[in-house]
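For the record, the sequence lines run as chains A and B. Position one of the first sequence corresponds to residue 3 (our numbering), numbered consecutively onward. Position one of the second sequence corresponds to residue 3 (our numbering), numbered consecutively onward.
There's no promise every hint is true.
[To be verified] Below are the DSBU-like pairs computed for lysine-lysine, each with C-alpha atoms no more than 30 angstroms apart in a straight line: (1) B/Lys13 with B/Lys30; (2) A/Lys30 with B/Lys30; (3) B/Lys13 with A/Lys30; (4) A/Lys30 with B/Lys63; (5) A/Lys13 with B/Lys63; (6) A/Lys13 with B/Lys30; (7) A/Lys13 with B/Lys13; (8) A/Lys63 with B/Lys63; (9) A/Lys13 with A/Lys63.
If you are wondering where the hints come from, they were derived from the structure by calculation, not from laboratory data. Remember, it's a predicted structure, so these values are computed and weren't measured experimentally.
Number of protein chains: 2
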Amino acid sequence: MATVRLYVTLKPSLLDSAGRTVAGSLQKLGFEEVQEARIGRLIELQVEPLDQARIDEMCRKLLANPVIEDYRYEVIG
Amino acid sequence: MATVRLYVTLKPSLLDSAGRTVAGSLQKLGFEEVQEARIGRLIELQVEPLDQARIDEMCRKLLANPVIEDYRYEVIG
């Protein structure tokens, strides 16, 4: 069984309103050193068997929205 | 300016209902090799100056719920 760790992030050119809210909240709590926050998803899959072409297909079809999001993944063990 | 990449995940002992739904959807789409999916958050912070003790404090106070979530982070550049 392989573990695939996927990172889905909003494309850098897009405004991340949730991230902006988090950055603002941190600053209000006294963490003035925070300049920016961006929020993404971390998805961990257990797959058997592993076929990396199919992982890409899963990302394009369900796990990420390729219009507004980037994704990358790593296989761990 | 330092970039801190934070990974927030549900504790392994807890049922991840969103992850279960994603795994079920992938299987229905024909990706029968998916045994399990777990979903977490990826938070990228730009901080200046960087103080790692304060990053831990941010996690405990706002970014993660230590009762049900684990977090880890890495500093990149």
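Hint check:
{"no.": "1", "hint": "B/Lys13 with B/Lys30", "result": "holds (26 angstroms)"}
{"no.": "2", "hint": "A/Lys30 with B/Lys30", "result": "violated (44 angstroms)"}
{"no.": "3", "hint": "B/Lys13 with A/Lys30", "result": "holds (28 angstroms)"}
{"no.": "4", "hint": "A/Lys30 with B/Lys63", "result": "holds (12 angstroms)"}
{"no.": "5", "hint": "A/Lys13 with B/Lys63", "result": "holds (28 angstroms)"}
{"no.": "6", "hint": "A/Lys13 with B/Lys30", "result": "holds (28 angstroms)"}
{"no.": "7", "hint": "A/Lys13 with B/Lys13", "result": "holds (28 angstroms)"}
{"no.": "8", "hint": "A/Lys63 with B/Lys63", "result": "violated (36 angstroms)"}
{"no.": "9", "hint": "A/Lys13 with A/Lys63", "result": "holds (17 angstroms)"}
In summary, the structure is inconsistent with hints 2 and 8 from the numbered list given earlier, while agreeing with the others.
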